[in-house]
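There are 2 protein chains.
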Amino acid sequence: MNIPKKADVIDVGCRDGFQLEKEFIPTEDKISIVKGLARLGFKKIEATSFVSPKAVPQMQDSKEVIEAVKGIDGVVFSALVPNLKGAERALSAGVGELNIVFSASETHNMKNLHMSVMDSLKNAEEIIALAGKISVNVTVATSFGCPFEGRVSESQVISLAEKVLSLGASGITFADTTGMANPIQVYRMMKAFVEKHLDLAVTLHFHNTRNMGLANIVAGLQAGVASFDASLGGLGGCPFAPGATGNVPTEDVVHMLHEMGVETGIDLGGLIDLGKYLEKLIGRSLPGQILKAGKSTDLYPCS
Amino acid sequence: MNIPKKADVIDVGCRDGFQLEKEFIPTEDKISIVKGLARLGFKKIEATSFVSPKAVPQMQDSKEVIEAVKGIDGVVFSALVPNLKGAERALSAGVGELNIVFSASETHNMKNLHMSVMDSLKNAEEIIALAGKISVNVTVATSFGCPFEGRVSESQVISLAEKVLSLGASGITFADTTGMANPIQVYRMMKAFVEKHLDLAVTLHFHNTRNMGLANIVAGLQAGVASFDASLGGLGGCPFAPGATGNVPTEDVVHMLHEMGVETGIDLGGLIDLGKYLEKLIGRSLPGQILKAGKSTDLYPCS
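Just so you know, the protein sequences line up as chains R and U, in that order. First residue of the first sequence? That's 800 in this note's numbering, and the numbers climb one at a time after it. First residue of the second sequence? That's 800 in this note's numbering, and the numbers climb one at a time after it.
Some clues are possibly wrong.
Chain copies aren't distinguished; within one or between two, either way the pair holds.
[As the list claims (entries may be wrong)] In the DSSO-like style, the derived pairs of lysine-lysine whose C-alpha atoms are separated by at most 30 angstroms in a straight line are:
hint	residue 1	residue 2
1	862	804
2	921	1079
3	1094	910
4	869	1091
5	932	1091
6	1091	1079
7	990	804
8	932	1079
What the hints contain is simulated information worked out from the structure, not anything from laboratory work.
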């Protein structure tokens, strides 16, 4: 099994996880998690989202979060931006990278962003022009399936990604927004794309909604992808399936990568402690399984 | 990604799951689950365990369970047997296959069966002789790691499996008893073993304790293994890690295999219904994620 020796894990829980929390998480608690992650060896952390505070009140403190962490050395703090206004706010707060998200599926894009995919592309073009030297990553949501339309044409996804690249995006994330991807599909799509774009920063964003998240990561590694989004504790969920889990848990991903001999530069012990702290902050247990079972190398006394 | 076009899934929940339930599951409920599974296209179901009723009161009705289902056509009903006495009881009840379980790790075998691995091998030899025409599968527990000793030597595991074969076992199951396996390890160990024993029935038994269960199944498929144990709803657990999940959920495994284009002959819709029925029987929700999220092909209405 031929896989990269090193991989990056990007924690996105402070955006993709917190945005689904009903109770407002105090700003200082959000900052404590972002700062906690920043100490553990992550190169990039998606720290917040500059969406409309009316639409997503949980993210109303995005400016404060970025301003509290942006000085920390060696870590890029990125933020999701839905439109030009969000991008202006994010840039003015001092983010290290913008992340634009839109869907490969027209129906999902319309439901989520109230615009066509074509309009989202125009939107991305304007944001990239505005960002100047600040890098812009584009996340193509529903890349492996749409909860409304079903399987999305692979050539449509790839062609959308290539259009995005031609606009000047510095990296592409293919997102399995509702956990529909399977390992064969991931391997096939990514193998072709990575071979064509050898020098590009390609990231995979999996949800563990149907228990295939870590299997999809291994398939991505086999296709040559070496960057993965994940969420501390598996914070997050699926708006379509109450009770279903969301993002792959960061500790579980880092644990698997280390067990497979793939270096991440991330302090797994510290990550598990931070996951437990997050569980206390939000007052409930999270789906991450390493939080419950410990590492494979944690042995039990014999007597 | 080169994988088999067909795979067998063996449900072991009525043994590996029920045995950990504290409340006694009424015999007729156990039988209803085994019969329910038997209607869904499984070729083999591990239906119960002929352990000492004193040691495991939950399994005191193993004879009744086997006698109630053994006439059903097209399905092999197997049972775990720990020793010669259990094998006699199982054969007399009319099981279709015996499954002997012992560990590759001395410490785990001593804790679990109170005997050395060498004595377990002698035990297996006697049971195989007693079974005559009834086939005997041997499960090598802790094949991918021991919770007391850590990583078990791969050559020790393989050499144990080969000793077992020389005694006349008809099949081998490599079990990741406490969820310590990782995909690279599974691929490496299984690739070498399967290539050497092309005609042998090799099964992999994974626990999802550390979220790697389905990734390990894909690694097993890539190594040429086409038979996997799983447990309805993910029933079961880990005696060492309270709150941690146990066996890979059967519906999640079958769903992933079908999504990957691997035929199982199993009715996934019926399996999901049976999993929900099991949740009602035991009065709590199970870890299986397809039970919560539905299939990838279940679409949501657009308006």
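Each hint tested on the structure:
1. 862 with 804: Answer is neither: 36 angstroms inside a copy and 52 angstroms across each miss the 30 angstroms cutoff.
2. 921 with 1079: neither (42 angstroms within a copy, 51 angstroms between copies)
3. 1094 with 910: between (40 angstroms within a copy, 21 angstroms between copies)
4. 869 with 1091: neither (32 angstroms within a copy, 39 angstroms between copies)
5. 932 with 1091: Neither: 43 angstroms inside a chain and 44 angstroms across chains, both beyond 30 angstroms.
6. 1091 with 1079: both (14 angstroms within a copy, 25 angstroms between copies)
7. 990 with 804: Answer is both: 17 angstroms inside a copy and 21 angstroms across each meet the 30 angstroms cutoff.
8. 932 with 1079: Classified as neither: same-chain Cα gap 39 angstroms, cross-chain 57 angstroms, threshold 30 angstroms.
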